[in-house]
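Residue numbers (the working numbering), protein chains in the order written: chain A, 2 to 111; chain B, 2 to 111; chain C, 8 to 159; chain D, 8 to 159.
Hints are computed from structural coordinates only; laboratory data are not their basis.
Please note that the accuracy of each hint is not assured.
[What the hints assert, rightly or not] Dumping the calculated DSS-like pairs for lysine-lysine here, alpha-carbon to alpha-carbon at most 30 Å:
| no. | chain 1 | residue 1 | chain 2 | residue 2 |
| --- | --- | --- | --- | --- |
| 1 | D | K107 | B | K31 |
| 2 | A | K51 | C | K117 |
| 3 | A | K97 | A | K38 |
| 4 | A | K31 | C | K82 |
| 5 | A | K51 | B | K97 |
| 6 | B | K38 | D | K117 |
| 7 | C | K136 | C | K107 |
| 8 | B | K51 | D | K117 |
| 9 | D | K82 | D | K136 |
| 10 | B | K38 | B | K68 |
| 11 | B | K51 | B | K68 |
| 12 | A | K97 | C | K117 |
| 13 | B | K31 | D | K117 |
| 14 | C | K15 | D | K117 |
| 15 | D | K136 | B | K97 |
| 16 | B | K68 | D | K107 |
| 17 | C | K107 | A | K68 |
| 18 | B | K11 | B | K97 |
| 19 | A | K11 | C | K117 |
| 20 | C | K15 | C | K117 |
| 21 | C | K117 | A | K68 |
| 22 | D | K136 | D | K15 |
| 23 | D | K15 | C | K15 |
| 24 | A | K31 | A | K44 |
| 25 | A | K97 | A | K44 |
| 26 | B | K38 | B | K11 |
| 27 | A | K38 | C | K117 |
| 28 | B | K68 | D | K82 |
| 29 | A | K44 | C | K117 |
| 30 | A | K44 | A | K11 |
| 31 | A | K51 | A | K68 |
| 32 | A | K38 | A | K68 |
| 33 | D | K15 | C | K136 |
| 34 | B | K11 | D | K117 |
| 35 | D | K107 | B | K97 |
| 36 | A | K31 | C | K107 |
| 37 | C | K107 | A | K97 |
| 38 | A | K44 | A | K68 |
| 39 | B | K44 | B | K11 |
| 40 | C | K82 | C | K136 |
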Amino acid sequence: MQISARRVDKTTIFDVSGDIDLANSPEIRKALLREVKENRTPKVVMNLSKVRYIDSSGVASLVEGLKASRDAGSRFILYGLSPSAREVLQLSRLLKIFEVYDNEEQAMAA
Amino acid sequence: MQISARRVDKTTIFDVSGDIDLANSPEIRKALLREVKENRTPKVVMNLSKVRYIDSSGVASLVEGLKASRDAGSRFILYGLSPSAREVLQLSRLLKIFEVYDNEEQAMAA
Amino acid sequence: MSQDLLLKLELHSNPNLLCVVRGAMERLTEVFGFSAPDCRSVTRAVDEALTNIMRHSYGGRLDRPIGMLCRRVQKRPAAARGHGLEILLRDRGPAVDPAKLRGRLLDEIKPGGLGLHFICQSMDTVEFKRMRGMNQLRLVKYLQPPKQNCNS
Amino acid sequence: MSQDLLLKLELHSNPNLLCVVRGAMERLTEVFGFSAPDCRSVTRAVDEALTNIMRHSYGGRLDRPIGMLCRRVQKRPAAARGHGLEILLRDRGPAVDPAKLRGRLLDEIKPGGLGLHFICQSMDTVEFKRMRGMNQLRLVKYLQPPKQNCNS
Ligand SMILES: Nc1ncnc2c1ncn2[C@@H]1O[C@H](COP(=O)(O)OP(=O)(O)O)[C@@H](O)[C@H]1O
Ligand SMILES: Nc1ncnc2c1ncn2[C@@H]1O[C@H](COP(=O)(O)OP(=O)(O)O)[C@@H](O)[C@H]1O
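Using the sequences provided together with the hints, build the complete structure.
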């Protein structure tokens, strides 16, 4: 798994590639919480278009990001879900809880 | 692995998807030899754009197709090689022996 | 080895190896004849079960043994296309309290507590037992899935 | 299990399982830190070695046992980043005549005789031995590959 950040105006976009599982979900969590809580970025966007698989610990990290951003009054957005990532959020009944878009254009315009 | 055939004018295009290995290379061989030897198709094109992996038995099947088409005075063309498929032909010193194109348009125009 | 054994695997309780098992399961389920969504969900179930072993049975230790056995099984009474993929996962951690082995309700938005849900939603049979000093989780998915059965 | 054991695998000599092992090897090589081309070439070497076992050691029989062991090994003398991935493949077929274990010249265009070439071109070490009624092929690839060494 690789994660890197881009800044566009007041938005931070995290580009993630590879699978998100127990081996690396703590890293995702840390990056998200730092951005939301410490940097207080008003809009955080996760580009998941190169993520094939997300396990339950990965979902938990995303939920932590979402909760932190709600606490901070900022926004937390996902885009580019693979079939597997979409399924896992559906199974967790979280697909409608997250703000999810198809691509970066929509996520930035939102 | 799945293989299906399309006919365009005097050309037969085989669309192959999945990996070509010992489990299915005999099937590829059979389809190729039937097309070249029995049906005497003047031009046979292999669409390999959905083939991720080809093993040595798969290469052997392609070589048999090539030899049969040389014997029959017909043409045998490959297109859409994945990095792995390209490497395997290179390792076999066959990349320059086959007629290889990037896409269907070039393969048909050739 | 019996004819119906498809694959036997041993690994350490190291999360870095989870993707290796997924790589094998993605292909095994495909070869077995499952639909693409079923391939993904069986792979997910195995991945989550291994994650639970690493976290709960072994408390995050990286060097403990995990065994995995994949077999073809026949549904009884034998029906048309009635075979399934059975996966046995074994670990040498302390005995699991079956009362703790339950997923939480999903109506609250909070991290954690999802793994068992994914496993139960994916598989036709989920059975846990303690045997010979080992925990064994038995997962079965049939080719034509009957109704969900996840109260075990 | 030793700390350096990464994965142990048992399968039948059924070609349908080749893709399952490739699925595992693709990920294991990636986790191990190989470059993408090296991941592909180690995966290819293992695949071709298994193909040879199925065809030559077992003459196409589908139900014979194959064992595979993946370990981390240290290069001696220990160098920086000097570790490698060792893969042992074991079968119970008749003893192999080492004289027959050679790839053909590639200057002729003909089908067959490519597998050993792929294996030798991919790996840093390729060693064959007979032990305890088994054939064992030992393959090693180091993270920073030294010069080719494939005369063994
Ligand atoms: N292999 C296991 N060994 C011991 N306890 C387990 C195991 N798997 C699951 N459990 C118990 O079941 C609970 C629910 O598991 P799960 O739904 O996967 O969520 P989480 O692991 O996030 O808590 C765990 O918190 C744990 O108490
Ligand atoms: N596992 C094996 N057991 C016995 N003989 C083998 C084995 N692997 C390779 N060989 C011998 O080495 C020769 C060359 O193998 P290879 O280069 O893979 O090409 P091919 O398998 O197409 O003949 C084989 O024809 C066979 O005689």
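Does D/K136 lie within 30 Å of D/K82 when you go C-alpha to C-alpha?
-> holds (20 Å)
| query | A/K44 and A/K11: Cα distance at most 30 Å? | reply | Cα-Cα ~7 Å, so holds.
**Report entry** Hint consistency between B/K68 and D/K82 [alpha-carbon to alpha-carbon, up to 30 Å]
**Finding:** This hinted pair is violated, its Cα atoms lying about 45 Å apart.
Agreement of A/K44 and C/K117 with the hint, judged by alpha carbon distance not exceeding 30 Å:
holds (21 Å)
Decide if the proposed pair is consistent with the structure: B/K38 and D/K117, CA atoms, cutoff 30 Å inclusive. holds (18 Å)
For the pair we were handed, B/K11 and B/K97, check the Cα-Cα distance against 30 Å.
holds (25 Å)
Would the pair B/K11 and D/K117 pass a check requiring their Cα atoms to be no farther apart than 30 Å? Answer holds: B/K11 to D/K117 is near 27 Å, not above 30 Å.
Holds or violated: B/K44 and B/K11, Cα atoms, limit 30 Å. holds (7 Å)
Item checked: Holds or violated: B/K51 to D/K117, with C-alpha atoms at most 30 Å apart -> Holds, because 25 Å separates the two Cα atoms, which is no more than 30 Å.
Fill in: Agreement of C/K136 and C/K107 with the hint, judged by alpha carbon distance not exceeding 30 Å
Satisfied, since the Cα-Cα distance of roughly 13 Å is no more than 30 Å.
Exercise. Are the Cα atoms of A/K97 and A/K38 separated by 30 Å or less?
Worked result: holds (24 Å)
For the pair supplied as a hint, D/K107 and B/K31, confirm whether the alpha-carbon distance does not exceed 30 Å.
-> Distance of about 28 Å is within 30 Å: holds.
Hints 4, 5, 14, 15, 20, 28, counting from the list given before, are not met by this structure.
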